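Number of protein chains: 2
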Amino acid sequence: MAGQEIEDLVKYLARLPGLGPRSARRAVLQLMRRRETLLDPLSDALQAARDNIKTCSSCGTIDTRDPCTICMDPRRDESVICVVEDVGDLWALERAQAMKGRYHVLGGCLSALDGVGPEELNMSALRSRCAKPEVSEIIIATNATVEGQTTAHYIMDMLDDTPLKVTRLAHGVPVGGELDYLDDGTLIAAMKSRR
Amino acid sequence: MAGQEIEDLVKYLARLPGLGPRSARRAVLQLMRRRETLLDPLSDALQAARDNIKTCSSCGTIDTRDPCTICMDPRRDESVICVVEDVGDLWALERAQAMKGRYHVLGGCLSALDGVGPEELNMSALRSRCAKPEVSEIIIATNATVEGQTTAHYIMDMLDDTPLKVTRLAHGVPVGGELDYLDDGTLIAAMKSRR
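Each protein sequence line maps, in turn, to chains A and B. Here the numbering used here is used: the first residue of the first sequence is 1, the next is one more, and so on. Here the numbering used here is used: the first residue of the second sequence is 196, the next is one more, and so on.
Read the hints as simulated data drawn from the structure, not as lab findings. Predicted model only: the values in this text are computed from it and were never measured. Incorrect hints may have been included.
As the list claims (entries may be wrong) - Simulated crosslink set (DSSO-like; lysine-lysine; CA at most 30 Å straight-line):
{"no.": "1", "chain 1": "A", "residue 1": "100", "chain 2": "B", "residue 2": "206"}
{"no.": "2", "chain 1": "B", "residue 1": "206", "chain 2": "A", "residue 2": "54"}
{"no.": "3", "chain 1": "B", "residue 1": "295", "chain 2": "A", "residue 2": "11"}
For reference, chain A alone in the conformation it holds in the complex (with noise of 0.2 Å):
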């Protein structure tokens, strides 16, 4: 059809979440029609995405630097833990500036089924940044999966033995959500939580 480059370009832009090859090659005809505003910049991005973009060593989130902007940040609450299972959820709490402490990414959750113990897991760094006497809070985000309460509930068993205060996202009614839509396990969560 075309040169080996442009069938490879289809190829891994296929594997993108959200792109299939019928979307991709849609993509491959955008970004050749475009070069000088998307297949220039989506290229450079990508290049300093690959050469820049570190672990934080403290977090486990993915910044620019190392350790991150968050950790760094003197402005945010350093007594306060909001411990996450994956980077997107730590984005998806910074876009609804949820949280002003500091973040902590498992890089996952518990599971047996995948195979998955706490030594997969960023867990033994939590253990001590949980042991430095600025920390007050821990709050438990993982998510409302039965493997994210899982992680939960082993999380609170190895702090049970620190006097950290350790919370939990709260459960109940999605802020717009109408209660004919919601499931049992919600509603009754929210019931018994009712304030």
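Could you slot chain B onto chain A? The hints should help.
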């Protein structure tokens, strides 16, 4: 949320067709998680595309060679030229292996609304290719839209004074299509061209 490099990458990925800001963020996370298998090869493929991809000076398609692979292929029938609007249309015909001749990519179609006249399209090159002695048939494969049909009529008028055989793609029922779901225009065309 993270470094400027990551924000840039999200911004440019979100401009690809089929991706929005949310799916671009998911794509970036995937790229970061799979550096060796995704980020590095995609970055290399984009760089190679940027360095090597040219527009064929004969037919107007994109390829890594100029003249392109199709124009240089001696096994292809050089007496037939198939006129398409876009490189995507050429790729579609190539995937279907529906054409054994050469192509000519117009780069769009005539559109009074968008101010696209014959000068904006690859028309004069088509005219000079049609004057070559080895060419005997022109297949007009523009889209079955109003603009595509206008463009087809324009090309037929343009080639009226040549001895070339000018044909167009047949209209009819798509293979595997059900009559009940087809529009009236297609049904009328299929009935008219019955064989």
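Going through the hints against the structure:
Only pairs whose Cα atoms come within 30 Å are accepted, and residue 100 of chain A paired with residue 206 of chain B is accepted, the gap being roughly 25 Å. For the given pair, residue 206 of chain B sits about 19 Å from residue 54 of chain A by alpha-carbon distance, which is consistent with the 30 Å threshold. The straight-line distance between the Cα atoms of residue 295 of chain B and residue 11 of chain A is roughly 25 Å, inside the 30 Å bound, and the hint therefore holds.
This entry satisfies every hint, going by the numbered hints stated previously.
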